[in-house]
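Both chains come to you apart, so use the hints to assemble them.
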Amino acid sequence: MKPHDLVQGTLSLLILRILALEPMHGWALSQRLKQMSRDVLQVGPGSLYPALHKLEHEGWITAEWTISDTRRRVKYYSLTKEGRKQLNERTADWKRLSGAISAIVLATRG
Amino acid sequence: MRWIRKIRLRFRSLFERSRVEGDLEDELRDFVEREMERQIATGLSPEEARRLALSSLHGAERIKEECRDARGIRWLDETLGDLRFAVRTLQRAPVFALTVIAALAFCIGANTAIFSVVDTVLFRPLPFPDQQRLVSVTEGLPAFGFPVTPFAIPDYLFVAANNRSFEATATYHTESYEISGAGEPRRVKAARVTASLFHVMQVEPLIGRAFTQEEDDSAKQVVVLDYGFAESLFAEPKRALGRAIHLDRKPYTVIGIMPRSFSFPIRGLRFNGDAGDLFIPVSWSKEDRRQSLNNFDYSMIARLRPNVTAKQANADVRALLKRVAEDYPPEIKAYIQQRMPNFTLESQTIPFREEFTGDTRRPLLLLLGAVGIVLFIGCADVANLMFSRMVGRQREFALRSALGAGSWRLARQTITEGLVLSLTGGAIGFGLALWALPLLIRFAPDNLPRLNEVGLNWRVTAFVITVTLATPLFFCLAPLLNTIHSALASQFRGEGRTITQGKRQRLLMSGGVVVQFSLAFVLLAAAGLLMRSFLKAIEADPGFLREHLISVRIALPNAVYSKSAQVSSFFNGLLSRLNTLPGVQQTGAVSDLPMGSTSNRVYSFEGHGITRDNVNTIFCVGNALESLGVRLVRGRLLEPADEFTKQHVAVISESLAKRMLPHEDPIGRHVKSGVDAPMNTDPWVTIVGVVKDVKERLTSNSPRLQLFTTREDWVNDMNVLVRTSRDPAWLAGAIRREVNRVDPSLPVAKLETLDQILDESLSAERFRTWLFGSFALAALFLALLGIAGLLAYNAEQRTQEFGVRIALGADRRHLLLLVLKQSLRLSGTGIAIGLITAMLVTRALSALLYNTSPLDTGTFLCVPLIPALVALAAGMFPAWRAVHTDPITALRAS
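Chain order of the listed sequences is A and B.
Heads up, the first sequence is in the working numbering, so the first residue is 1 and it goes up one at a time.
Heads up, the second sequence is in the working numbering, so the first residue is 111 and it goes up one at a time.
Excised from the complex, chain B in its bound form (with noise of 0.2 Å):
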């Protein structure tokens, strides 16, 4: 019980202080009383006893505060009085405690808000139990120039029924679908996944249940919701369960709906990475499952064995898939070992985490190092406040330690105040933070994953808490060492009068100020380089004519559209609509948009072998090519009556016809999709134009192997493009009412101008771009204020030195130099240190670059002129108050 009694004694002594003190009083006057009571039995007089008495309790109060001390309170007492006193200190610098507190708010709120992002994306593990034993599989065909690829379904299935390494396989394959029967018809993203999905996740529906292996099989039209879209669908997902709704115009049963926290595929997955809106199973065919060495499209998750490692895993993984390879059917064996004697069937087994972090890594690393430096730079700052104030300090300080203040006291004092300033400014910045997260999140690139899951949760709490407490250290203990050191000093010189800093103590403030421009130079040349590539970005020639160019995602379900002449009517129906409405020039219809290709294809050329690489097919209707404005090196584009001739044409890029055709004249060869194998039943198809190379991304300078082809029977799924005499947007609504007159029941995807589409395809440059160009300009404001301060404070050390040089007739324009001179040296000293570390770590960006060298000469000349004009600037305010020193008052003052 001893424990419980020691408890109630600290309680007593921290919350009933007026007792414990008024029971100390009593003891000790207790004490005198008896003593003096001795004292008289001995024959003194009452006086002379009572005299004695209290002389053996001399500096009652002593022995009070030491009893006190004994009870443990004492901390508590001097806290609470550091903390009044830091506060009625910072009252009377308001200038200097509001600078502080909006510097620190900045710096801690800029890092909680990044931290958080690059936190959930790059650290946190995943919302799914025992999430560590999950791992990515994937196939590789590097015969075929696919090194990396998802799985084909039969080499899936091999690898599902026979590994010895997995608890659980399963895998899934994001597809696009049009959802009728609840609300307006509309394109969603369906996962088709496995039975499996929901064991290797271990993720059971919130309402209702999974679909099981049975269902599976038997393709029962069955579907589980994703809770956002089942809220968005029914508002309330309770009611979803047992609905139907329409995909691709065929009924399906609602069975669940998952958990809120639950968002499948993870956004930015190398493939199939955009989240799905429902999951259907897979009920693949008999067709799907025969080997065809065809089709890797099916992404595979795992759930490791205990004890088993990703990388046993993979050995296990890639002996199966030898097996696959060997027991290919004899036909396709044949036509490996003709053709492409060095084919091999790869396999990769990697954490899962890692499937996605992969691309958004490094920008997000360089992006919490540069706030990092933002609030280093902003510590410096504070920290030279802290040391400008603690001069003037100096005095009040040395008198304290003259009067009995231990060092650690007056130290304790010191760090009290930096906390109140930091935990001020923490708590602002903890506030900036949480507003400015959504904007963070709306302006995020599309590719960064796991965005739903960003929030103020217990890991950035405590990351606030870390600095929070972690910077007043910092800012402190420098100056604090200092101060001490030289008080005690000077209390033995007994210096009185004006007390000037010492030359260590002007090293260390100009030395912050120096690292400070350093380190903003360099954040400065980082964005500067940024923005500079950035800005070629925007204006690279895609490879077509972007303005006045709309585009609109138009699928047709294979339910209603089953036959090849069904889709080729209604989309040359469609156009020829559409070329009939005022303003427009040309229409035809691809595939895919040309940056964005999603078939990739290898090609046989007539005599010349295959090539390497994948080729990036589109297929073409009406004048798909003169509508994108793509620019023909020579022959002819595709026309509309290409489609209905026997003769099967294409146009290739320039690219592709220097790759397989460096010597020759490409028009009149012929091509065929794949291997030129005596099975590939595939026609021959005749080159009639070169076109110059469409950029994939606006940031890519590689080549571009495209082939432009008249439409398969297969394809369905086509951007109907319009290219207009005027601004297009205008003619949405129109060209939405000219597509329902063809068929009412079709759902209208959003319609875009090319003009955006390649804007926001620089979405994740943009946001970099913006935050690494706000962070340096941070970084330059607070190097700003750090000089600023310095400046000031040593103008004003210097008063009534300029004071006299004045009154003895000193050139004005002398002193101002004086000051602006001192500005520059400080700067200058910054940049140039800043322009050689820059010049060692920018080659960092150069992953992120466009067009852009990491030593970039513009840049380079460009970026250190704004931080010394800023220098400058910041040394006009103290120099002109240098120069107006009025030397009577100056004199005075001292």
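Next comes chain A alone, as it looks inside the complex (with noise of 0.2 Å):
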């Protein structure tokens, strides 16, 4: 599935989740999107980069240079207090949403 399909706003709401399980930079969160959709959703840079600066813009997460092993800069994105209290309201919703429109969608026909 191509980002564009997802409803909007919701790759925010994958990228918060995510992040809430541990710091880490853009690859391993493509990596990790991908392994927990079961290879459903690949997230390209192109998506992917400007939604994260967008976040850090929002304040809701926030980066911090680190040296890697292999002497490489790289940037770690982290969850902020302001994010997570968005993690659990855009949950919340997701879940009302979600379970609204699978009522519709999935009613066997009378």
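Wrong hints could be hidden among the right ones.
What the hints assert, rightly or not - DSS-like cross-link-like pairs, simulated, lysine-lysine; straight-line CA separation at most 27 Å: (1) K54/A x K34/A; (2) K396/B x K299/B; (3) K174/B x K54/A; (4) K75/A x K54/A; (5) K81/A x K95/A; (6) K396/B x K673/B; (7) K432/B x K421/B; (8) K116/B x K85/A; (9) K81/A x K116/B; (10) K116/B x K75/A; (11) K85/A x K75/A; (12) K174/B x K75/A; (13) K673/B x K360/B; (14) K116/B x K174/B; (15) K396/B x K421/B; (16) K116/B x K54/A; (17) K613/B x K931/B; (18) K330/B x K360/B; (19) K34/A x K174/B; (20) K805/B x K782/B.
If you are wondering where the hints come from, they were derived from the structure by calculation, not from laboratory data.
No experiment lies behind these values; they were computed from the predicted model shown.
Here you go:
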């Protein structure tokens, strides 16, 4: 599934959810996304990085530069307190919304 | 702390651009490398892995752009880019840019200057705390012909003591005093005020203190100085404190100096409207406080209690004055009952500001409207210039939108260009306004209030910024919408060659020029009417001979000239000395110059009742009427000997004679000042002559009730008149010397010729005529610019066509007519619309016109010629160009 097909704002929810597990860098995040969605969701850097930068600017995630074992500069993202609050709210919203959509889409025809 | 982090991020994005960009680069490279490693781990060759990894990052620039977008700095990037682009584009069209900037600078400058004057005079709150609670209270005696007057002292005292509406009340009255003991003796304007004035205004002296009620009651000779006046006397206002100055030769002690911003009474007030140089207590005597139905001189100002409206206060004061009238002493009551059954004592309470904005409101608003129209015409110019430029750029726009630039992006580009122009124009205009304001103030008429406060303040600055920012929107929007629309359209049509203007656009541009011409015409018509009226006023006959007549005001201080005989011998002595000077033909003295008499009375005509209207009364010494050159209708003029005969005599104006004695010979009739009541002990005065009316103002046509009589005992302040055989200016020194021979310590005011005085009396008319005239000329010039631009542009668009026509043997004269006809068609339509509009709106001017109808035929016949000629001239150059088109060049160019 292409990210464009994702319901708007869902990508940020996914990023927040994954970063809630542990801080990680962009590539790892995309891998984790793929793995957790059982290869259904493949988010390329073209969508991922703008989304990350936007979240960073919103103040929901924060970034830190570290030097990796291979002596590379790596940018690690982690969730902020505000981001955790957002995650909770959005998760609740998502539950309601997806439940409602399922109820309609999956309803057996009368 | 979230917002701190956010701000830090924004800051970093803005000011550490290269680092942020480097970070972004690193981040993406990290991704590629990791992706490559992953591919290699799955068994791919490094080259293959690299290719795949990079392909996942396809369009790295786009990703970066989107990240920048997410960081919210793209707009800045683009704005800077737009700015650079705008400046570069404008540099490539310097004539266009300079024309637009000059037009905008002029319009914005003129608007700013006029706005700052109008705003200060009409709109800005007065510089006193809680000024909206200040009200002006007046009395009125309609039965006497005084519908509105200042207060009589006993009436004021009663209202002040018994009202329930005011927190504090005060009165003031400006009088002229001789000051000595500090520099040269001279005349100053003194405001006699109650001690409460400072509480009412809620302004304290800057240095020292104000006088107290006790000092006022006990007639202490203390004085508070105006800041500017103290500065002029003592250089350093602080040094004035404690000094003694002499007012009419009595010593006063300086106890305070008001703040620089305090100027009172405010110029242009209906009564007592001269700013005071100093403030002294009123210190009324017992006699002053006694009810005499007389001397309505003191202006009342009061501060309303919180939550009391002017209307409520008005009702309160009216009720109180009713009681005053009921409590009049029996002799006054008896005479009112007998002579004036319809007598009432009226009152008006109005917000204080309205007391002085009444007369100036209309001319000022008209002026603001005129200058606003100039701005509008200027904007239309710029819009048309933009239009024609944009048509030239249509191909560029089409190309750019084909390359993916959104229409919003193109719009922003254009507006940025407009902003660069208007900001530059606005900045220069602001500078122009700074330069023009002092000039404007210098030539402003005397009755314009609060000019001392005019200046550039935040309100004016806000005005400039609004105008500057709003103009580009106005002049960019129409061309812009049009261009974007047609750019998109032509893109689909795949039009590649010369792009000509669409019909809609031609209509818009021509419409702009037509509107410009009609507006310019309205201004020209208004200016024409004012000019005609002004010229008529200059040439108007004042009712006396204005040439070769000099006047100097001499006021004798009461302290020295306490007896009437002393005053009489001073003036008669001075006149006989002046008579001996070479070149002097006649001399005399009048209590007031005939144009501006301050002594207004009602008269009883023996056997004919009283005059319902005020009669301007002028007291004369010597050959005053002959010196003035008033024209005798019948009887004789006043003579020097009349002052010393037992019989009192008077000369009346033709209008007064017609009003009171329409069917009889007035000569030999008797009149008396006031109402012919038993208590009126004034002597009967015999009418010995009738003269033509003397005008109050050059611009007034109303009949003038006037009475000239011999000096009464109390008059010690007179204008000495000297009629000379030649230019009177050279006599000034000699006159001054003679005055000081009679009394060496007497200050001699400026000597003015009557010509000068009459000339100055037209300062308000001159001011607005000049301003309207300049704005009309500016409007005409801007309209010229508009039509010239449009014609030149049209001719250029048709260069190729003309080339072909000429090549095919077209008559060049025909082409010339073609261009000129277009010019005349546009301007003609504009003039026609303007003519109709002007006929509808010039009525607003009628109050400002003298002997000139708002539909004055001469003006409406002449004025259309000016814009028509201008339009013709504007057409000449493009027409000439069109005729001299070289067919070869024209065809090759395309």
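Taking the hints in turn, this is what the structure says about them:
1. K54/A x K34/A: Since the Cα atoms of K54/A and K34/A sit roughly 21 Å apart, the hinted pair holds (cutoff 27 Å).
2. K396/B x K299/B: Within the cut-off at roughly 25 Å; holds.
3. K174/B x K54/A: 12 Å, holds
4. K75/A x K54/A: Holds, at about 15 Å.
5. K81/A x K95/A: 21 Å, holds
6. K396/B x K673/B: 22 Å, holds
7. K432/B x K421/B: 17 Å, holds
8. K116/B x K85/A: With a Cα-Cα distance of about 17 Å, the restraint between K116/B and K85/A holds, given a limit of 27 Å.
9. K81/A x K116/B: 14 Å, holds
10. K116/B x K75/A: Distance of about 18 Å is within 27 Å: holds.
11. K85/A x K75/A: With Cα atoms ~23 Å apart, K85/A and K75/A stay inside 27 Å; holds.
12. K174/B x K75/A: Holds. K174/B to K75/A sits at ~16 Å (cutoff 27 Å).
13. K673/B x K360/B: Between K673/B and K360/B the Cα gap is close to 17 Å, so the pair holds against 27 Å.
14. K116/B x K174/B: With Cα atoms ~20 Å apart, K116/B and K174/B stay inside 27 Å; holds.
15. K396/B x K421/B: 33 Å, violated
16. K116/B x K54/A: At roughly 11 Å apart (the allowed maximum being 27 Å), K54/A and K116/B satisfy the hint.
17. K613/B x K931/B: 19 Å, holds
18. K330/B x K360/B: Judged against 27 Å, a Cα distance of about 11 Å means the pair holds.
19. K34/A x K174/B: Satisfied, since the Cα-Cα distance of roughly 23 Å is no more than 27 Å.
20. K805/B x K782/B: 24 Å, holds
In this structure, only the earlier hint numbered 15 is contradicted, and the remaining ones agree with it.
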